[in-house]
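Trainee: Given next are the chains, with one letter for each unit.
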Amino acid sequence: MTNKQLTNLVDFSEYKGVWIIAEQRFGQVLNVTKELLGEGKKLATSLNCDLTAVILGHKLIDWPADLVRYGADNVIYAEHELLSDYNVDAYSKVLGNLITTRKPEIILFGATSIGRELAPTLSAKLKSGLTADCTALEIDPETLNLLQTRPAFGGNLMATIQCANHRPQMCSVRPGVMKKAKYNNKCDGEPKVEKIIPIITQEELRTKVLKIDTSKSAEIAIEDAKIVVSGGRGLGNAKGFNLLRKLADKLNGCVGSSRACVDNGWISKPYQVGQTGKTVRPKLYIACGISGALQHIAGMEQAECIVAINKDPDAPIFKIADYGIVGDLYEIIPRLIDELDNIDDITEVLDICTESVSASNQM
Amino acid sequence: MTINIAVCIKQVPNTNQVKIDKKTGTLIRKGIKTICNPDDKNAMEEALKLKDKYDDVKITVISMGPSQATEIIKEALAMGADRGILLSDRKFAGSDTLATSTILATALRKIQEKEGLDIIFCGRQAIDGDTAQVGPQIAQHLDLPIISYVQELKYLGEKVQVKRALENGYMQIEAQIPVVLTTISDLNKPRYPHMRRIFDVFGKNPVIPVETWTADDLPDLDNTQIGLNGSPTRVIKTYTPDRTFKGEILEGETAHVAHILIESLKQKQIL
Chain A
1 MTNKQLTNLV
11 DFSEYKGVWI
21 IAEQRFGQVL
31 NVTKELLGEG
41 KKLATSLNCD
51 LTAVILGHKL
61 IDWPADLVRY
71 GADNVIYAEH
81 ELLSDYNVDA
91 YSKVLGNLIT
101 TRKPEIILFG
111 ATSIGRELAP
121 TLSAKLKSGL
131 TADCTALEID
141 PETLNLLQTR
151 PAFGGNLMAT
161 IQCANHRPQM
171 CSVRPGVMKK
181 AKYNNKCDGE
191 PKVEKIIPII
201 TQEELRTKVL
211 KIDTSKSAEI
221 AIEDAKIVVS
231 GGRGLGNAKG
241 FNLLRKLADK
251 LNGCVGSSRA
261 CVDNGWISKP
271 YQVGQTGKTV
281 RPKLYIACGI
291 SGALQHIAGM
301 EQAECIVAIN
311 KDPDAPIFKI
321 ADYGIVGDLY
331 EIIPRLIDEL
341 DNIDDITEVL
351 DICTESVSAS
361 NQM
Chain B
1 MTINIAVCIK
11 QVPNTNQVKI
21 DKKTGTLIRK
31 GIKTICNPDD
41 KNAMEEALKL
51 KDKYDDVKIT
61 VISMGPSQAT
71 EIIKEALAMG
81 ADRGILLSDR
91 KFAGSDTLAT
101 STILATALRK
111 IQEKEGLDII
121 FCGRQAIDGD
131 TAQVGPQIAQ
141 HLDLPIISYV
151 QELKYLGEKV
161 QVKRALENGY
171 MQIEAQIPVV
181 LTTISDLNKP
191 RYPHMRRIFD
201 VFGKNPVIPV
211 ETWTADDLPD
221 LDNTQIGLNG
231 SPTRVIKTYT
241 PDRTFKGEIL
251 EGETAHVAHI
261 LIESLKQKQI
271 L
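Just so you know, the sequences run in chain order A and B.
The letter at position 96 of the first sequence is residue 96 when you use the numbering used here, and the numbering goes up by one with no holes.
The letter at position 178 of the second sequence is residue 178 when you use the numbering used here, and the numbering goes up by one with no holes.
For the record, the hints were derived by calculation from the structure and aren't laboratory data.
C-beta: ideal position from N, C-alpha, C; glycine also.
It is possible that some hints are incorrect.
[Unchecked claim] Pulled a few chain A residues facing chain B out of the computed Cβ check, cut under 8 Å:
1. Lys16
2. Lys42
3. Leu43
4. Thr45
5. Ser46
6. Leu47
7. Phe153
8. Asn156
9. Glu203
10. Gln275
11. Ile332
[What the hints assert, rightly or not] With a cut-off of at most 25 Å between alpha-carbon atoms, the simulated PhoX-like pairs for lysine-lysine come out as follows:
12. Lys319/A / Lys58/B
13. Lys246/B / Lys182/A
14. Lys19/B / Lys246/A
[Stated by the list, open to error] Away from chain A, derived, C-beta distances all over 10 Å, residues of chain B:
15. Thr15
16. Ile20
17. Gly31
18. Lys49
19. Tyr54
20. Lys114
21. Gln137
22. Tyr149
23. Glu158
24. Arg191
25. Arg197
26. Asp200
27. Ile208
28. Glu251
29. Lys268
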């Protein structure tokens with residue numbers, strides 16, 4: 001080993017604690033942040049260290065403290081007018097300084113379109129490793145290194161990656177995969193929120209956000225849907241989604257799609273489930289006319305229950321389905337809708353069920 | 001004044017056809033077509049659109065990889081790029097995203113120092129790794145602003161205005177040039193190579209030959225930061241996702257099957 005390499009190795013004993021970088025948009029924390037808190041807690045428990053949530057923003061009200069109620073041991077809240085909305089220069093400067101001075105051992109980011117720009121910027125700034133879009137994380141019991149597992153080659157291969165000789169160990173976590181942390185109102189004492197006011201000036205920011213338009217948000221919330229009715233090539237045409245929408249409406253769910261339909265222009269990209277689309281983990285996923293390429297399965301296999309409807313009895317989707325129906329979706333789905341008409345109050349029942357479940361969890 | 005543009009591209013296996021050797025957990029490369037990464041083609045197209053519009057635009061295409069990657073550089077030259085550079089050296093092998101971005105940034109800096117660079121385009125992510133990391137890392141190494149997920153671009157001389165895609169909309173962002181932009185498929189529709197240029201580029205005595213740069217051509221490169229040994233992250237295990245049948249096939253007359261399914265879902269409290 002050359003001298004130069006030796007100087008690159010850092011003294012690991014200085015690096016302590018698990019950090020998650022919370023992501024807020026318009027003052028609201030994204031769901032993936034709750035997932036990071038759940039996963040971060042698991043890692044912090046394995047390492048017997050604190051879980052710190054870091055949040056950047058301006059005039060945030062409840063959220064910094066709520067991050068403690070979602071499981072963080074403490075919170076660092078960087079507050080500044082210029083941190084109100086995401087700006088890569090401002091955010092990477094503030095986080096870079098915090099990480100360099102506080103030295104966390106592990107940092108988790110949400111692999112959102114923003115996290116996937118911020119995290120690599122920081123990894124280059126800090127000259128440490130970063131693993132993108134992880135779907136499983138654990139601590140190696142011997143080395144105490146973070147084992148980061150992610151899909152590659154369109155979900156055809158899983159790779160476990162470690163960053164053994166550099167700190168901090170950083171990764172982004174694919175939204176929708178990890179379990180969300182539960183809200184706990186009964187925290188002991190005052191939530192530990194440390195507010196810092198960083199020095200940033202407008203002049204040092206080389207990019208300027210002129211406008212943010214998130215009008216598409218109400219339309220498509222497929223990641224949050226409890227039930228997803230998804231269509232594939234087997235639909236045959238764009239009109240097929242009308243039938244799926246009917247079923248989805250009946251179930252108070254959302255329509256999803258395989259890549260083939262998006263490529264064919266039958267439905268827009270935000271509906272795409274899979275490795276290159278979204279990851280969903282609904283209670284029920286109904287795959288209609290989807291063959292089940294690994295690329296698609298990577299985005300939905302964690303659904304609690306999977307129903308597959310396909311003409312081809314050898315379609316790989318049946319291998320992961322809880323219930324499979326071999327047949328024409330255009331015959332079967334109308335029957336399912338008929339069947340559901342007999343239980344009109346279904347969504348009410350579902351809501352009451354989940355409410356009582358979450359209520360009992362908090363007791 | 002010349003507008004100098006660099007486009008970073010990558011040769012990737014067509015992941016739609018990828019097969020994994022289940023015993024070794026590695027990619028079966030035999031018989032798999034390699035292609036220019038799709039997002040990178042959008043990067044290339046956007047550079048060409050600027051060349052269509054302005055008189056004096058020079059496009060340099062740059063790729064890191066084995067000698068076979070010359071193919072995609074030639075394809076980019078045939079589409080209309082002016083210069084093609086392949087970064088190829090055994091010392092580069094096994095580089096993770098940080099090491100890769102270090103090598104690319106060092107080469108880009110060499111171009112920048114000699115003739116200046118106004119815009120560096122990268123595809124947002126490559127379909128083999130899907131990391132989306134190299135673009136932002138290059139920007140950081142070169143101390144340039146980054147805008148990723150670019151879905152619309154307006155070049156305004158001293159600055160650019162872009163729409164940057166979000167999950168549920170977009171951000172409109174303005175940046176001074178020089179700037180690094182990573183592109184997505186919504187940005188444009190890549191053109192096909194020109195027939196005449198195909199002959200110029202792929203012929204026996206190409207009019208525009210592809211230059212190859214090795215580590216020796218990059219004196220500023222720190223050898224401890226590149227290749228497998230210079231990479232902070234390392235793959236320690238690969239495996240194919242194991243999926244075995246767990247469910248039941250419902251058979252019979254359609255109305256009956258529909259009834260059974262809904263009843264079963266209710267019983268399991270899924271509905």
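Trainee: None of the hints should be skipped; say for each whether it holds.
Mentor: Status of the hints after comparison with the structure:
| no. | hint | verdict |
| --- | --- | --- |
| 1 | Lys16 | violated, 19 Å |
| 2 | Lys42 | violated, 20 Å |
| 3 | Leu43 | violated, 17 Å |
| 4 | Thr45 | violated, 23 Å |
| 5 | Ser46 | violated, 18 Å |
| 6 | Leu47 | violated, 19 Å |
| 7 | Phe153 | holds, 5 Å |
| 8 | Asn156 | holds, 5 Å |
| 9 | Glu203 | violated, 11 Å |
| 10 | Gln275 | holds, 7 Å |
| 11 | Ile332 | holds, 6 Å |
| 12 | Lys319/A / Lys58/B | violated, 52 Å |
| 13 | Lys246/B / Lys182/A | violated, 29 Å |
| 14 | Lys19/B / Lys246/A | violated, 37 Å |
| 15 | Thr15 | violated, 4 Å |
| 16 | Ile20 | violated, 5 Å |
| 17 | Gly31 | holds, 15 Å |
| 18 | Lys49 | holds, 22 Å |
| 19 | Tyr54 | holds, 23 Å |
| 20 | Lys114 | holds, 23 Å |
| 21 | Gln137 | violated, 4 Å |
| 22 | Tyr149 | violated, 5 Å |
| 23 | Glu158 | holds, 12 Å |
| 24 | Arg191 | holds, 19 Å |
| 25 | Arg197 | holds, 28 Å |
| 26 | Asp200 | holds, 32 Å |
| 27 | Ile208 | holds, 32 Å |
| 28 | Glu251 | violated, 7 Å |
| 29 | Lys268 | violated, 7 Å |
Comparing the model with each numbered hint stated earlier shows that hints 1, 2, 3, 4, 5, 6, 9, 12, 13, 14, 15, 16, 21, 22, 28 and 29 do not hold.
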